[in-house]
Amino acid sequence: MDDDDAAVAIKASKTTLLEGETGKITISVNQKLSQDLTINLSSENSNGLKFPSSATILAGQKSVDVDVTVDKNDVSDGNRTVMIVVEAGVFGNS
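Numbering-wise, the working numbering puts 31 at position 31 of the sequence shown, and it's gapless, one number per residue.
One should not assume that every hint holds.
[Unchecked claim] Below, in silico cross-link-like pairs of lysine-lysine (DSS-like), each with a Cα-Cα straight-line distance of 25 Å or less: (1) Lys50 to Lys24; (2) Lys50 to Lys72; (3) Lys62 to Lys32; (4) Lys50 to Lys62; (5) Lys62 to Lys11; (6) Lys24 to Lys62; (7) Lys72 to Lys11; (8) Lys50 to Lys11; (9) Lys14 to Lys62.
[What the hints assert, rightly or not] Derived DEER-like restraints, expressed as beta-carbon distance ranges: (10) Asp77 to Ser34: 43 to 49 Å; (11) Ser54 to Thr22: 17 to 23 Å; (12) Val75 to Asn30: 25 to 31 Å; (13) Thr38 to Val75: 33 to 39 Å.
These aren't lab readings, by the way, just hints derived from the structure by calculation.
Ideal Cβ placement from N, Cα and C applies to all residues, glycine included.
Could you put the whole structure together from the sequences, leaning on the hints where they help?
Here is the structure:
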């Protein structure tokens, strides 16, 4: 398998966040950058979840950390799974 192509990956500091908690996701690319790379983040089901709509990996770096926070509320509405989509230009999506 050819692994030389540009690629993006994400890794969560925690796989589960409780109400009111903040975690981090690390967004990384497999090449050191010669110029800044703006990455777009989105989710179809982000109600109650806070994260930036974009982040920048700076030139000379390979990753950036982004905070993800779950709102605290007093409503008993069950658990849910949320997927954050990362779009990183020529490095692809994850």
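So, going through the hints one by one against the coordinates:
1. Simply put, Lys50 and Lys24 have alpha-carbon atoms about 11 Å apart, close enough for the 25 Å limit, and the pair holds.
2. Pair hint Lys50 plus Lys72 holds up; C-alpha atoms about 11 Å apart against a cutoff of 25 Å.
3. Restraint check: the Cα-Cα separation between Lys62 and Lys32 comes to about 5 Å, which is no more than 25 Å; the hinted pair holds.
4. Taking the CA atoms of Lys50 and Lys62, the gap is near 24 Å; set against the 25 Å cutoff, the hint holds.
5. Note on Lys62 and Lys11: the hinted pairing holds, with a Cα-Cα distance of about 13 Å set against a maximum of 25 Å.
6. A C-alpha spacing of about 16 Å is found between Lys24 and Lys62, which places the hinted pair at or below 25 Å, so the restraint holds.
7. Between Lys72 and Lys11 the alpha-carbon distance is near 23 Å, which keeps this suggested pair within the 25 Å criterion.
8. Annotation: proposed proximity of Lys50 to Lys11 holds, straight-line Cα distance about 17 Å (limit 25 Å).
9. Proposed proximity of Lys14 and Lys62 is supported: the alpha carbons are some 21 Å apart, at most 25 Å.
10. Range check, Asp77 to Ser34: Cβ separation about 46 Å, and the 43 to 49 Å hint holds.
11. Evaluation of the 17 to 23 Å hint for Ser54 and Thr22 yields a pass: the beta carbon distance comes to about 18 Å.
12. Between Val75 and Asn30 the beta carbons are some 41 Å apart, a value that contradicts the proposed interval 25 to 31 Å.
13. Distance hint check: the CB atoms of Thr38 and Val75 are about 35 Å apart, consistent with the given range 33 to 39 Å.
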